[in-house]
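Given chain A's structure and the hints, the job is docking chain B onto it.
Read top to bottom, the protein sequences are chains A and B.
Count along the first sequence from 1, add 334, and you get the number used in this note's numbering.
Count along the second sequence from 1, add 1, and you get the number used in this note's numbering.
Keep in mind that the hints were calculated from the coordinates and are not lab data.
Any given hint might turn out to be false.
Not everything, but these chain B residues come out facing chain A in the computed CB check (under 10 Å) [as the list claims (entries may be wrong)]:
| id | residue |
| --- | --- |
| 1 | P59 |
| 2 | L114 |
| 3 | T130 |
| 4 | T143 |
Just some of the chain B residues that point at chain A, by a computed CB distance under 8 Å [stated by the list, open to error]:
| id | residue |
| --- | --- |
| 5 | I82 |
| 6 | G155 |
| 7 | W163 |
| 8 | Y314 |
| 9 | G318 |
Backbone N, C-alpha and C define an ideal beta-carbon position, used for all residues, glycine too.
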Amino acid sequence: MANMAQAIRLALHYAEENLGVTDVFGEDVGPPLGGVFTATQGLRTAWNSPLDERGIVGMATGIAFTGHVAVAEIQFCDYIFNALDLLKLAGNTCWTSAGAFHLPMVVMTPVGSGIHGSIYHSHSIESLLTRLSGWKIVIPSTPIDAYGLMLAAVEDGNPVFFLPPKALLRVKGAEKIPGEPEDSRELHARIDAPLGDRTRWSPRWPEVQRYVVPLGKAKRLREGRTATVVTYGRLAPVCLNAAGELAAEGLSFDLFDLRSLVPLDWEAIVASVGRTGRLLVVNEDTAVTNFGEHVIRGVIDRAFGELTAAPVLLSGADVPGIGMAWPLEAASVPQLPDVVAAMRAIAAAPSREAGGIFSPPMRLPRYR
Amino acid sequence: MDAALELRIHGLMVQARVLEDQLIAMVHGGDGYFWIGGPGEEAFNVPLGLLVQKGEGPSFDYLHFSYRSSATLLAMGAAPIDTLRQMRATATDPYTGGRNFANHYARREWNVLPVTSAVAVQYSQSIGTAHVQKREGGTGITIVNGGDAGAAEGDFATCLVWSSRPGAELPILILVMNNHWGISTESRTQWPMTDISSRAGAFGIRHARIDGNDVAASWAAIESAMDYVRHERRPFCLQADVSRLHGHSSSTGGALVDERDCLKEFEAKLITEGKLSREDAAAIWEKHRAALRADLEIVRGEPLPDPATIHDYTFWGRKEQGT
Chain A
335 MANMAQAIRL ALHYAEENLG VTDVFGEDVG PPLGGVFTAT QGLRTAWNSP
385 LDERGIVGMA TGIAFTGHVA VAEIQFCDYI FNALDLLKLA GNTCWTSAGA
435 FHLPMVVMTP VGSGIHGSIY HSHSIESLLT RLSGWKIVIP STPIDAYGLM
485 LAAVEDGNPV FFLPPKALLR VKGAEKIPGE PEDSRELHAR IDAPLGDRTR
535 WSPRWPEVQR YVVPLGKAKR LREGRTATVV TYGRLAPVCL NAAGELAAEG
585 LSFDLFDLRS LVPLDWEAIV ASVGRTGRLL VVNEDTAVTN FGEHVIRGVI
635 DRAFGELTAA PVLLSGADVP GIGMAWPLEA ASVPQLPDVV AAMRAIAAAP
685 SREAGGIFSP PMRLPRYR
Chain B
2 MDAALELRIH GLMVQARVLE DQLIAMVHGG DGYFWIGGPG EEAFNVPLGL
52 LVQKGEGPSF DYLHFSYRSS ATLLAMGAAP IDTLRQMRAT ATDPYTGGRN
102 FANHYARREW NVLPVTSAVA VQYSQSIGTA HVQKREGGTG ITIVNGGDAG
152 AAEGDFATCL VWSSRPGAEL PILILVMNNH WGISTESRTQ WPMTDISSRA
202 GAFGIRHARI DGNDVAASWA AIESAMDYVR HERRPFCLQA DVSRLHGHSS
252 STGGALVDER DCLKEFEAKL ITEGKLSRED AAAIWEKHRA ALRADLEIVR
302 GEPLPDPATI HDYTFWGRKE QGT
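One chain only, chain A, in its complex shape (with noise of 0.2 Å):
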């Protein structure tokens, strides 16, 4: 199986032959290198760009201006800040033209922690940029997601945020992707550039299919009763893993995988919460003004009454950055003990039912 560079160079690779995506490009993006995660190995449309995020996000909105369609990559997004303001014009491009102008683009930059990234390579941006309207953002956590999203992303018309979590990027996925070879070492033979001279290499691209998954559809990972579980990004499957190590308990967890923040799948959710009457919401994210609390917002404005107790969010910490030392990581961000740690409490938390108020047995991140 494919792991997720190779499904978003098989996406690309689709995308520029037959979605009519015009140019890839970015620090790094075009030949020799293809991406510094590879995701863009061997595109027919791939070039490098200078060093310059805004200059990225502003060749990527002037192309979209013309109808053509680009894929720009910033990096690591722990490097987009300086190019905030051009994205946010982007973002409201459509509704200040009234809808004369829209921009077909797709903004990739990978996000996260969990590659010892320390500070300016574990970011985690999307509870920021969930604050450019206009946007839609998407999250995979699978090789085959990351392919049906970036073709749907590709397809949207919008400007999408694209954002690979960088511990994912190398890991297979269980699903093929439609055309992909039934060997991965088949694969990795066709479409990884050798190491070394590389100036006669070019891929043997498979015929791959068109496979899209629809923006704002999350994923059902697990169904369950004890509570439900949302996530993203990285830690989907740890969730996974955590849910699967306490059904030895006797717990179920409903668990989703969002998949997409921008537009976001409120009906499995809350249909979930209806069955469960609980929530648990877990990312990586800095704890102030997470996106992870506008999740429990919003079901608290449509479900209410259906909360058996308190929803409760697990995020990253509320520190400046990600310490390179592998106990400060561990400790700024959610690992699998604490996953299960926080799947734990809300199974064991008090029911309104019983008066009791909620004070969860975990570690919750400190934050002002």
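Just chain B, lined up with the frame of chain A:
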């Protein structure tokens, strides 16, 4: 430049000036909240509008304007009443539907890209339209227009870097309208150089500095620079020294200041050369003033946007879609 063209330019300059005067009066009279515009740039901006290859798509010129480009838009054929609509923020404002300041245009069928208050960002966006035009061929070019103060932003450097990549030079006419001010701060207190366009020289970009208060010099420089960009498919940086006749915006009062007035100079030249009589000149001014007075009465009767429309166009493809 023949007399007929000069008279046409003069008429458009008067129309643009009267429009800006009307916009300022609307703010003072309660028909609008905020004015920012370009009185003092007409000698350059009108020729620019007349020389634009107007249309939709990469075969035509893309225009990344600033909010001082009203005279260019009028020269391209825009109706003054639409700017009044934008000032009053009516539902009929064709540029933004009542959502943005006056002189913040967006017009798809003429490749006029949305003007924003965020200074100089258009320099970063312009490289994208030019990139597509380079790939598509033809004679369409990208024209980006900013000011001397905004050229301090990184976006100006971005435009110079990306438009001059070896082997991937872009067909952009990079304009710097040097009015010598950034709101209340004089440029000479912030810039060591008087010719900002000379920065382009370091990138191998052809550049020139002209007197933007001079119609003939502006026409010749724009025509020459456009011809180079259109046919060589390479960038050109042109700085025009202009005036800012009513200050930065209504935030600084919008009163007339003592700077060179390109329209007075041009009109006096035409009269001296016998191409225009004083009576005819006065009649032109009054014709445009009367037309705008009538337009304003129409606009005053038009509705403001329906508050139920605030979510419209947040996303393309459907009217409302949120989180």
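Results of checking the hints against the structure:
1. P59: holds, 5 Å
2. L114: Since the shortest Cβ distance to chain A is 6 Å, the answer is holds.
3. T130: holds, 4 Å
4. T143: holds, 8 Å
5. I82: violated, 17 Å
6. G155: Because about 6 Å separates G155 (chain B) from the closest Cβ in chain A, which is inside the 8 Å limit, the hint holds.
7. W163: holds, 5 Å
8. Y314: holds, 4 Å
9. G318: holds, 6 Å
Violated hint for the displayed structure: number 5, the only one.
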